[in-house]
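For the sequence shown, my numbering begins at 21 and goes up steadily by one.
Heads up, a few of these hints could be off.
As the list claims (entries may be wrong) - Simulated crosslink set (BS3-like; lysine-lysine; CA at most 30 Å straight-line): (1) 248 - 146; (2) 146 - 55; (3) 55 - 215.
Stated by the list, open to error - Now the in silico label distances, taken between C-beta atoms and shown as ranges: (4) 141 - 90: 50 to 58 Å; (5) 151 - 255: 24 to 32 Å; (6) 246 - 337: 43 to 51 Å; (7) 190 - 328: 26 to 34 Å; (8) 190 - 285: 25 to 33 Å.
Calculated from the structure, these hints are not laboratory results. Even glycine gets a Cβ: it sits at the ideal position worked out from N, Cα and C.
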Amino acid sequence: MTIRSVHLTRREARVRAGESAATNQRPARHGWKKKTTWIWLFLLPTVVLYGIYTIYPIIASYWYSLVEWNGFDENQTFVGISNYREVFADPLFWNSFKVTLLFMVFVVPARVLLSLLMAMVLNSPKLPLIGVLRSAFFIPVVTTTAIIGVVMRFILDPASGPINSILLRLGSGGIDFLGDPHWALPTAAVLYVWKFFGVTMIYWLAALQTIPYELNEAARIDGAGTGKIFRYITVPMLKPFLIIITVLTIEETFHNFDLMYTLTGGGPYFHTEIIEIYIYRWAFAAAIPQLGHASAAAVVFGLLVAVVGAIQLWAVYATRRRGAGR
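Could you build the full structure based on these sequences and the hints that come with them?
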């Protein structure tokens, strides 16, 4: 066999190997394209509905914020940034902004800290009926928020509510929990914490599952008490989750229109009017609806939520980088 024939044989082998690989890749690529087509077909209804009910309203709100329109007439008068000027000049807008912040100042620490303590209790595998207890705390979460608001209005009614009836029998004066300006916002905040307590508790339970149970047991064998275990083991290992859970709770607290509106409707005297109720009042509850003014307020509110969302993404990214660095 000559050197030339050897080279030809090797070349033929490479050509045949390439043809065989290409033949094997063609069905694989064809199958992947077929799977991708089915994936997009199944996703199409969700994408279309998301575009209609989420993307389009967001884009439309930016346009409506630049026009004067009551929602019924065909004529839309372009007014530029006049609606934004009116929003920022409206004392009730800043009042709703203040109410929203006050609500968050009470709700966020309460949800984060109290749910952490309860999650630590329910994280013990030795606790009897642990599944029942976890489910009991999560039942309010799956209950419709508007229904809870309506039921709580009856329970807290100053004239016929069972709580005030008990207070009167005990010799204490009745309390108008939802009609007194001093009681309305704290009462709504307590009910909100109770309603969504289970969500934050689940976050913490998931975080606590990352701490080996044997580590706590070893610390107890070495003589460490509950306080020292919490301080030197639990807290350091939960730090990466703290920022994420806090930011998630803040973002969730922004969206409490259904509970607040069914409880107080923003009253008494705007003491519980959060930004979402302010937007609703201008868009639908006014004698002459002003969608331009409401849309401008909604855009401002949306930008505020977007900032919180950006902080959340940064927190997740920073936590992953720290985890990768370890």
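Hints, one by one, checked against the model:
For a cut-off of 30 Å, the pair hint linking residue 248 to residue 146 stands: about 20 Å separates their Cα positions. A C-alpha spacing of about 47 Å is found between residue 146 and residue 55, which places the hinted pair above 30 Å, so the restraint is violated. Annotation: proposed proximity of residue 55 to residue 215 is violated, straight-line Cα distance about 42 Å (limit 30 Å). Against the hinted window of 50 to 58 Å, the Cβ-Cβ separation of residue 141 and residue 90 comes to about 54 Å, which satisfies the hint.
Separation of residue 151 from residue 255 is about 27 Å and conforms to the stated range, judged on CB atoms against 24 to 32 Å. Taking the beta carbon of each, residue 246 and residue 337 are about 34 Å apart, not inside 43 to 51 Å as hinted. The hinted range of 26 to 34 Å is not satisfied by residue 190 and residue 328, whose Cβ atoms lie roughly 43 Å apart. Between residue 190 and residue 285 the beta carbon distance is about 30 Å. The supplied range of 25 to 33 Å therefore holds.
Figure legend: structure checked against the earlier numbered hints; hints not met, in rising order: 2, 3, 6, 7.
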